[in-house]
Amino acid sequence: AQSVTQPDIHITVSEGASLELRCNYSYGATPYLFWYVQSPGQGLQLLLKYFSGDTLVQGIKGFEAEFKRSQSSFNLRKPSVHWSDAAEYFCAVASSNDYKLSFGAGTTVTVRA
Amino acid sequence: DVKVTQSSRYLVKRTGEKVFLECVQDMDHENMFWYRQDPGLGLRLIYFSYDVKMKEKGDIPEGYSVSREKKERFSLILESASTNQTSMYLCASSLGLAGTDTQYFGPGTRLTVL
Numbered sequence: 001a002q003s004v005t006q007p008d009i010h011i012t013v014s015e016g017a018s019l020e021l022r023c024n025y026s027y028g029a030t031p032y033l034f035w036y037v038q039s040p041g042q043g044l045q046l047l048l049k050y051f052s053g054d055t056l057v058q059g060i061k062g063f064e065a066e067f068k069r070s071q072s073s074f075n076l077r078k079p080s081v082h083w084s085d086a087a088e089y090f091c092a093v094a095s096s097n098d099y100k101l102s103f104g105a106g107t108t109v110t111v112r113a
Numbered sequence: 001d002v003k004v005t006q007s008s009r010y011l012v013k014r015t016g017e018k019v020f021l022e023c024v025q026d027m028d029h030e031n032m033f034w035y036r037q038d039p040g041l042g043l044r045l046i047y048f049s050y051d052v053k054m055k056e057k058g059d060i061p062e063g064y065s066v067s068r069e070k071k072e073r074f075s076l077i078l079e080s081a082s083t084n085q086t087s088m089y090l091c092a093s094s095l096g097l098a099g100t101d102t103q104y105f106g107p108g109t110r111l112t113v114l
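So the protein sequences, as listed, match chains A and B. Positions 1 to 113 (my numbering) are the ones given, in order, by the first sequence. Positions 1 to 114 (my numbering) are the ones given, in order, by the second sequence.
Quick caveat, the hints were computed from the structure, so don't treat them as lab data. Some hints here could point you the wrong way.
If you want the footprint, here are the derived chain A segments under chain B, 3+ residues with CB under 8 angstroms [to be verified]:
id, region
1, 29-42
2, 55-64
3, 67-73
4, 77-86
Using 20 angstroms as the maximum straight-line C-alpha spacing, the simulated SDA-like pairs for lysine to any residue come out as follows [said to hold, decoys possible]:
id, chain 1, residue 1, chain 2, residue 2
5, B, Lys57, A, Pro79
6, B, Lys55, B, Asp28
7, A, Lys68, A, Asp54
8, B, Lys3, A, Gln2
9, B, Lys57, B, Leu78
10, A, Lys49, B, Thr15
11, B, Lys57, A, Lys68
12, B, Lys3, A, Asp54
13, A, Lys49, B, Ser80
14, B, Lys71, B, Phe20
15, B, Lys57, A, Pro40
So the derived label-pair ranges between C-beta atoms look like this [stated by the list, open to error]:
id, chain 1, residue 1, chain 2, residue 2, range
16, B, Leu95, A, Gly62, 37 to 43 angstroms
17, B, Arg14, A, Gln58, 45 to 51 angstroms
18, B, Gly40, A, Gln58, 29 to 35 angstroms
19, A, Glu64, B, Glu56, 31 to 37 angstroms
20, A, Thr108, B, Glu69, 33 to 39 angstroms
21, B, Asp51, A, Ser84, 36 to 42 angstroms
22, B, Leu114, A, Thr108, 39 to 45 angstroms
23, B, Ser65, A, Thr55, 38 to 44 angstroms
Cβ atoms here follow ideal geometry from the backbone N, Cα and C, with glycine treated the same way.
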């Protein structure tokens with residue numbers, strides 16, 4: 001069965017500093033990988049997704065993620081965070097022939113001035 | 001833009017009550033999903049539907065049922081609400097498979113069962 005681990009429950013970062021959120025997956029075949037963001041009081045919004053090809057994926061809001069098969073990881077990065085990036089971030093995995101997404105537990109990001 | 005709406009943002013019910021959570025999407029999507037979100041557990045799939053009147057159990061279906069009579073509407077039913085069903089409930093929809101088509105989420109319903 002596929003599963004996703006987000007090792008960091010909570011990260012605090014200063015505005016303007018870089019951010020990296022970790023995601024590790026367990027899946028037998030090549031996974032389809034996603035990062036979603038949930039701002040306070042909102043539903044989830046897709047930041048980016050990886051299906052195949054270039055292992056560095058660009059998303060919305062200045063985020064990028066890198067797929068590393070050897071490490072079973074799909075870490076999310078942003079070079080310079082803004083106060084509006086304070087939110088909860090979820091990594092998710094799916095297989096090519098499935099309707100379902102499997103989500104990690106989420107990482108809450110706090111941005112301090 | 002895809003829009004997924006949920007009937008209530010906040011709901012308070014009493015133990016034993018029958019509870020209906022409604023979800024409507026406006027993009028003619030084939031698939032609809034109900035998730036439950038709890039701190040430290042992320043999102044867990046309760047049920048999903050890949051066509052009208054079709055449904056499949058997700059990871060935590062116990063205590064829940066669903067109904068999809070029309071393509072745009074997917075209802076989650078708590079037959080007899082219990083305090084351990086206090087949670088945030090998120091509805092989502094997608095056109096096709098999770099691997100190829102984005103799931104779009106509603107704003108969520110925060111349900112409290114007293």
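Inset, instruction - Kindly indicate which numbered hints from before are broken by the structure, ordering the numbers from low to high. - result: 2, 3, 4, 5, 8, 10, 11, 12, 13, 15, 16, 22
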